[in-house]
Amino acid sequence: MIFKQIINILIVAAPYGLIYGIMALGVFITFRILDFPDLTVDGSFPLGAAIMALFIVNGFNLYIALFISFLGGITAGIITASIHNYIKVPGLLAGIITMIMLYSINIRILGGSNLQILKRKTILTNIIDLFNKTNIPEELILIIFFIIIVIIIKLLLDLFFHTDLGLTLRAMGDNTQMVLNQGINPDILKLIGVGMSNGIVALSGAFFAQYQKFADTNLGQGIIITGLASVIIGEFIIRSNKIFLITLSVVLGATIIQTVEITGRMYGAYVFLKPTDLKLIKGFLLIVILGISIILKQRKKTNKKIRTGLTL
Amino acid sequence: MIKLRNICKIFDEGTPNENPALKNINLTIKENDFITIIGSNGAGKTTLFNVISGNMMASNGEIYIDNKNVTKHKEYKRSKYIGRIFQDPLSGTASNMTIEENMAIAHKKGLRGLKISLNHKLRKAFKEELKQLDMKLEQRLKTNVGLLSGGQRQSLTLLMTVLSGPRLLLLDEHTAALDPKNADIILSLTNKFIKEYKLTTMMITHNMHHAIEYGNRLLMMDEGEIILDISGKDKKDLTVDKLVDKFYKIKHKELESDDIRLTNED
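If you read the protein sequences in the order shown, they are chains A and B.
Under the numbering used here, read the first sequence as residues 1 to 312, first letter to last.
Under the numbering used here, read the second sequence as residues 1001 to 1266, first letter to last.
Misleading hints may appear alongside valid ones.
To be verified - Chain B regions said to be covered by chain A (calculated; three or more residues, Cβ under 8 Å):
(1) 1088 to 1094
(2) 1170 to 1180
To be verified - No more than 30 Å apart at the CA atoms, straight line, and that leaves these computed lysine-lysine pairs for DSBU-like:
(3) B:Lys1198 x A:Lys242
(4) A:Lys242 x B:Lys1121
(5) A:Lys297 x A:Lys282
(6) B:Lys1121 x B:Lys1072
(7) B:Lys1115 x A:Lys242
(8) B:Lys1030 x A:Lys242
(9) B:Lys1195 x B:Lys1181
(10) B:Lys1077 x B:Lys1136
In short, the hints are calculated from the structure, not lab data.
As the structure is a prediction and not an experimental result, all values here were calculated from the model.
In this text, a Cβ means the ideal position worked out from N, Cα and C, and glycines have one as well.
Could you put together the complete structure from these sequences and hints?
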């Protein structure tokens, strides 16, 4: 009985976990790789959703629409990085500025505060139609599809971080002076990194709109917290310096968060929780995990001190 | 050849706190020069390096590298010609990346593309290069640099900088944060690399013995000026006593023991 309920939760949570996993990979690029706390995400996620929904409603080629969503996200990221680079606004504030501007832009794109795509053809309905004749349930088809998409994006990212450009991007988050010494303009790297991050987030938004069958300007509200929590929970379960494992941990983190969230939605009523309490709980979860990881870090440090003390 | 023409640097210009850190510096650095620079705290040594490397813009004057005026070039642009190593061993490498990744980054200068950086051939080359350090780092290519000791990290930085082939190598007290044993290792490595790769070098040091022992030319700075420029045979015959004497003659004041730390550990 309980086993069945767990399976139920997982089936509901997995697609969300995977879609948000894509978004979390984008957040991971800015927060962890570039060390650039970028809040544009709250605007670029609904931006991706809005662009996708608009093109779906107009019967545009779906795959080109997906690509345009991606480009839209990149543009948003480049705007944030430019505000930071050339007007010397701190990264955090630059992100907030773009995020607020995107709110208006998203309403323009949607022609209102939301847009339904209920009976329209989407990439997801195409995939379901493709496997119509097999007896695989729709949910499972979509979960497998999202797993494949996430793996492709994850592997492409892994590959990117092994290229010359990817390595310098990682080095910049670690030590900007080193990148400067190599004769590279860090401003350009920030444009590339923040742009790429928001492109991926917008892509995630585009899939979200198709899965939910609507796009809404408020989709992105607080999404940065979900992304950040995924990155941190991921680091909590897998500690490694290998990009392959780190990106994997981010996706796992996102899935865990969604599982917790869906559980809360389905069974929260038993403990007098409302769906609107979820953001509060998510915040608490993040604080607890951050606290634990800081304690663990400190313990590691003191252990190291004792060890080096002994060898000396 | 690197030329500095009438370089001035004034901090807080136009305020009551106006502070001239460099006063009309004229300096020609010849090919393969190894210049050691000494001077008390606040003499302008590091400011001079900052102005040369482009970390700070000169208030006045011009800088030429190979007859090219680079005065207005930003730091990252000048980095193509200049390699700089700082006192802090953490500043030259990325802690959360492996030795081979760090070396791959330093392998090229300038913005780069989407080629996979590390391959078998490059790893083999890095191993050979690391052997020169004699620290067994060639067996730890996949170790995070953050796990290395200060001395190992600084030698790695030195190797990476040297291999990037700078036209001018700036060493800003690069051994000052290390223990005496490691400092000696790094210094002899530095000397070896400079000779081997025929590098034009400027080295700031607080140790007068080192300033005298290494290099073919010695500069002494005081209050933003170069007050002594010794090279050739004079440099070879130099001793600490002679140097102190010369300084005394110029400045008519005693060298305070705190000012230039006279270390007598040979």
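Structure-based check of each hint:
1. Chain A is given as covering the stretch 1088 to 1094 of chain B, and this holds because 5 residues of the stretch bring a CB closer than 8 Å to a CB of that chain, at least three being needed.
2. Here's how the stretch 1170 to 1180 of chain B fares: 0 of its residues keep a CB closer than 8 Å to some CB of chain A, so the rule of at least three is not met and the hint is violated.
3. The suggested pairing of Lys1198 (chain B) with Lys242 (chain A) is violated, with an alpha-carbon distance near 38 Å, which exceeds 30 Å.
4. For a cut-off of 30 Å, the pair hint linking Lys242 (chain A) to Lys1121 (chain B) stands: about 21 Å separates their Cα positions.
5. This hinted pair checks out: Lys297 (chain A) and Lys282 (chain A) have alpha carbons roughly 22 Å apart, not beyond 30 Å.
6. For the given pair, Lys1121 (chain B) sits about 39 Å from Lys1072 (chain B) by alpha-carbon distance, which is inconsistent with the 30 Å threshold.
7. Simply put, Lys1115 (chain B) and Lys242 (chain A) have alpha-carbon atoms about 19 Å apart, close enough for the 30 Å limit, and the pair holds.
8. A distance of roughly 45 Å separates the Cα atoms of Lys1030 (chain B) and Lys242 (chain A); the hinted pair therefore is violated under the 30 Å criterion.
9. About 22 Å separates the Cα atoms of Lys1195 (chain B) and Lys1181 (chain B), which keeps this hinted pair within 30 Å; it holds.
10. The straight-line distance between the Cα atoms of Lys1077 (chain B) and Lys1136 (chain B) is roughly 34 Å, outside the 30 Å bound, and the hint therefore fails.
Comparing the model with each numbered hint stated earlier shows that hints 2, 3, 6, 8, 10 do not hold.
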